[in-house]
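Top line first, the protein sequences correspond to chains B and H.
Anchor point for the first sequence: position 73 equals 73 in the working numbering, and the numbering is continuous, going up by one each time.
Heads up: take any position in the second sequence, counting from 1, add 101, and you land on the working numbering.
Note that these hints are calculated values from the structure, not bench results.
All C-beta atoms, glycine included, are put in the ideal place defined by N, C-alpha and C.
One or more hints might be untrue.
Unchecked claim - Some but not every residue of chain B turned toward chain H, in silico, with C-beta under 7 Å:
hint	residue
1	8
2	64
3	80
4	92
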Amino acid sequence: MSITCIATGNKEVTLTLEETFDFNCVEKFRTAYEEIDPSACQKLVIDMRKTHYMDSSALGMLINMQKYWLGRCENIRIVNSNPQIRKIFTISRFDKKFTID
Amino acid sequence: MKILVVDDHLYNRELMGFILSDHGFDYVEAVNGEQACKIFSSTPDIDLVLMDINMPVMDGYEATRRIKASLGDKLVPVLFVTALDDDDTLTKCLTVGGDDFVAKPVNESVLLAKLHAHQRTILIHRQLEETNKALEYHRRVMDREHSIVDHVFQNGLKQIDVSCSNLKTHVSPMSMFNGDLYLAAPSPTGGLYVLLGDFTGHGLSAAIGCLPVSNIFSAMAEKHVSVGDMAREINLRLQSLLPSNMFFCAAIIELSQSGDRLSIWAGGMNDILVLDKQGDLIDRLASLHMPLGVLNDDEFDTEVRVYHPQVENRIFVYTDGVIEACNSDGELFGEPRLEALLSTRPRDNVEAVWAAVEEFQQGGVQEDDIAIVELLCSPLNLLDGSGEPLSAPNLNWFQRETLPWVLSLTLSPAHMREGIVIPELLNVINNIRGVGNHQDLLYTILTELYNNALEYGLLKLDSELKLEPEGFSAYYKARERLLKELDEGEIFFSLSVVPSEDQQAPRLIFSFSDTGKGFDFIDVTDVSDEQEEDDLSFGRGIDMVCLLCDSVEYTNQGRTVEVTYLLT
Numbered sequence: 001m002s003i004t005c006i007a008t009g010n011k012e013v014t015l016t017l018e019e020t021f022d023f024n025c026v027e028k029f030r031t032a033y034e035e036i037d038p039s040a041c042q043k044l045v046i047d048m049r050k051t052h053y054m055d056s057s058a059l060g061m062l063i064n065m066q067k068y069w070l071g072r073c074e075n076i077r078i079v080n081s082n083p084q085i086r087k088i089f090t091i092s093r094f095d096k097k098f099t100i101d
Numbered sequence: 102m103k104i105l106v107v108d109d110h111l112y113n114r115e116l117m118g119f120i121l122s123d124h125g126f127d128y129v130e131a132v133n134g135e136q137a138c139k140i141f142s143s144t145p146d147i148d149l150v151l152m153d154i155n156m157p158v159m160d161g162y163e164a165t166r167r168i169k170a171s172l173g174d175k176l177v178p179v180l181f182v183t184a185l186d187d188d189d190t191l192t193k194c195l196t197v198g199g200d201d202f203v204a205k206p207v208n209e210s211v212l213l214a215k216l217h218a219h220q221r222t223i224l225i226h227r228q229l230e231e232t233n234k235a236l237e238y239h240r241r242v243m244d245r246e247h248s249i250v251d252h253v254f255q256n257g258l259k260q261i262d263v264s265c266s267n268l269k270t271h272v273s274p275m276s277m278f279n280g281d282l283y284l285a286a287p288s289p290t291g292g293l294y295v296l297l298g299d300f301t302g303h304g305l306s307a308a309i310g311c312l313p314v315s316n317i318f319s320a321m322a323e324k325h326v327s328v329g330d331m332a333r334e335i336n337l338r339l340q341s342l343l344p345s346n347m348f349f350c351a352a353i354i355e356l357s358q359s360g361d362r363l364s365i366w367a368g369g370m371n372d373i374l375v376l377d378k379q380g381d382l383i384d385r386l387a388s389l390h391m392p393l394g395v396l397n398d399d400e401f402d403t404e405v406r407v408y409h410p411q412v413e414n415r416i417f418v419y420t421d422g423v424i425e426a427c428n429s430d431g432e433l434f435g436e437p438r439l440e441a442l443l444s445t446r447p448r449d450n451v452e453a454v455w456a457a458v459e460e461f462q463q464g465g466v467q468e469d470d471i472a473i474v475e476l477l478c479s480p481l482n483l484l485d486g487s488g489e490p491l492s493a494p495n496l497n498w499f500q501r502e503t504l505p506w507v508l509s510l511t512l513s514p515a516h517m518r519e520g521i522v523i524p525e526l527l528n529v530i531n532n533i534r535g536v537g538n539h540q541d542l543l544y545t546i547l548t549e550l551y552n553n554a555l556e557y558g559l560l561k562l563d564s565e566l567k568l569e570p571e572g573f574s575a576y577y578k579a580r581e582r583l584l585k586e587l588d589e590g591e592i593f594f595s596l597s598v599v600p601s602e603d604q605q606a607p608r609l610i611f612s613f614s615d616t617g618k619g620f621d622f623i624d625v626t627d628v629s630d631e632q633e634e635d636d637l638s639f640g641r642g643i644d645m646v647c648l649l650c651d652s653v654e655y656t657n658q659g660r661t662v663e664v665t666y667l668l669t
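Isolated chain B, as found in the complex (with noise of 0.2 Å):
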């Protein structure tokens, strides 16, 4: 299983992540969100319902994401985390940072 990256419509892109997002993943999740055709997309959707495992430079690489994308896409969510992932982003603040539901 790899990150996919699949558009869901009015000009929505979904990346899902796999069941860990860690520094294994640096090159991965970076190209897979410099490749994403900008002009297709205005909302950016990280879907992390296979997602388990996550560690600090996972937030790293969030961070990295929102700063290509600042200016070029007018949102970006992220969906389907699960309680322990989302108790990783609420302590480190992720909350006011993105959208997270």
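Position chain H against the provided structure of chain B, taking the given hints into account.
Structure of chain H alone, referenced to chain B:
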């Protein structure tokens, strides 16, 4: 064929006896009604009776009545042999149960013709009896098998007990078994999965596919897979299971906990209707796919339609049975009628549609199964069967017994290069009672501590490298290279489990030590001041660990870190 001849005159009995034996019939004789009854009851293979009317002791009427009463379903024709031909006599003969008459004096060819005619009737009757018996036997076998299968279905389709005020449903089976399937399950993030589908046909043969679908649905809902992947898995199973003329039209829908994001995979279903807050039809979502069980896995399309409903939109999904309901004139209920009904904004769409369909096909027969689901798009509040909120498994940790494990490990560079340290550790730790719900957070903690020991302690990497996105990659490339070259140094890991005491939660105490130079650890554990550099893509690891753990302590000039995690 054996015949009972009843007559009080010897001459008549002998005459008939000659005729019968001449033509190969077997016979027995009785001299009055009473004797006839006795012989009849003791000779079960008598096929037909020739009965005189007037006899001493008991007449032919009474004997016939008794014989016929003893027969049950068996057919033994009684032919009255009589010289009387007045209407009253003939009527009475038939009233007591007689089947036919032979005139006295007996004419040989008439008697034979009548015997042959009744022989044919007896034969047909016996065949019918055999067939009925066989049918009755098969019906019993089928009843028994149905009740066994019903039991299996009741247990096999046992749904995850979830109810929620956002969901209204109506499912009507045409027979004991239903080819329409409605399933619902909570997602691990508080969302809701709903499946509504219709197998071709109905009854048992259609329902048989419900079992694997329901199993896949609940297992995959628990794993939180996307509705497209769920559809693929169901398709794969049905494709190998069902004959090629059978398939499964279905819509699989996931509603997020916040109620504003729908993911839909629909194959072969009627348009899913979207109604606004007022109840007006604002959108139709057509199925994008073939029904399940048709395509090969490599042709299968998992594309999911993501729909963002407005607040309190409602999603109306129904199976074919609704619009294909037929009235006594052979007219179909049809989509226009359905949409016209919904436009009247009934108080309860599901009940209203069901009642209308029911009324419409009054007089006709319900030909297909019917299932309707309406899903309200607003934040979800899932309840279990008894009305209690559905939440994470209850955390009564103090009832869990844990053993005082101690685990220690010394890692050399070769082990570190393997890249399996954290997964292996987690594998072991997961087997400790009470850890189950914590594994995701424990992964984060262990990864942070281990990577710190490795990256800063042994590899002496500088996290400032990560300041730029390019640096981020460079950092991890450097990590890979340095790790490959690393030929000395060790990381020591230990875990002790402290079982619960005095209502205190069990604790896990982890420690990592490395043989590196150590570092100034005064700053890193201080997370009290508001973090200013919130945009940095690094530097969160230790803060995170501090917030997740009950305590974090650095010793040995920063070479050793010990953290305590509570299994609450």
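Here is what the structure says about each hint:
no.: 1; hint: 8; in the structure: holds (4 Å)
no.: 2; hint: 64; in the structure: holds (5 Å)
no.: 3; hint: 80; in the structure: holds (5 Å)
no.: 4; hint: 92; in the structure: holds (5 Å)
Consistency with the previously given hints is maintained throughout, with no hint failing.
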